[in-house]
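Engineer: In terms of this note's numbering, the sequence shown opens at residue 1 and continues consecutively.
Bear in mind the hints are in silico, worked out from the structure with no lab data behind them. It is possible that part of the hints are untrue.
35 Å max Cα-Cα, derived DSBU-like pairs, lysine-lysine [unchecked claim]:
#1 Lys20 x Lys86
#2 Lys142 x Lys20
#3 Lys86 x Lys142
#4 Lys142 x Lys26
#5 Lys26 x Lys86
Every value quoted in this text rests on a predicted model; they were computed, and no experiment measured them.
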Amino acid sequence: MNGGEFFGAIPDAVRAHLPKPLQAFKVNRRSWLVQLYYDDPLLHYEALNLGERRGGLELGLHFESREHTQNQRLLIGFQSRLFEIKAELGESIEAEQWDRGWTKVYDVIPRERFTPEYVERVAARLAQMIGVLQPIYADVRKRNRPKKRVLK
Numbered sequence: 001m002n003g004g005e006f007f008g009a010i011p012d013a014v015r016a017h018l019p020k021p022l023q024a025f026k027v028n029r030r031s032w033l034v035q036l037y038y039d040d041p042l043l044h045y046e047a048l049n050l051g052e053r054r055g056g057l058e059l060g061l062h063f064e065s066r067e068h069t070q071n072q073r074l075l076i077g078f079q080s081r082l083f084e085i086k087a088e089l090g091e092s093i094e095a096e097q098w099d100r101g102w103t104k105v106y107d108v109i110p111r112e113r114f115t116p117e118y119v120e121r122v123a124a125r126l127a128q129m130i131g132v133l134q135p136i137y138a139d140v141r142k143r144n145r146p147k148k149r150v151l152k
């Protein structure tokens, strides 16, 4: 399998591992990554090929809003629950500042040859992450919505 075929197969494989309410994500895909999102394409789950030299595949929830304060608020919300997230997903999960004002909650897994079996393992792990992170994401976004001002 080449990169395009591999990343093209991931969305359907992820859907098969998710409960019905979480299956309705949208997809952006390139030959080196796939992004899954529910409401805002700039706030998305991602599987990213880090390349042979780095030897990994990054799986995570990326906050790439142009509003950097939103990315920071989301990161802080996830960092406050990192103990709970690591208990569910393992100690390798990180939540950190990234590039260009972006932030992310992610894991890096070993990169293997792109095969149908590897698609299945990656999809199962990404679905597991979505199952744990999406309810937290919804809660953190709700708590961080700007308060509506009441005019008197």
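Engineer: Each hint: holds or not?
Structural biologist: Results of checking the hints against the structure:
no.	hint	in the structure
1	Lys20 x Lys86	holds (25 Å)
2	Lys142 x Lys20	holds (22 Å)
3	Lys86 x Lys142	holds (22 Å)
4	Lys142 x Lys26	holds (21 Å)
5	Lys26 x Lys86	holds (26 Å)
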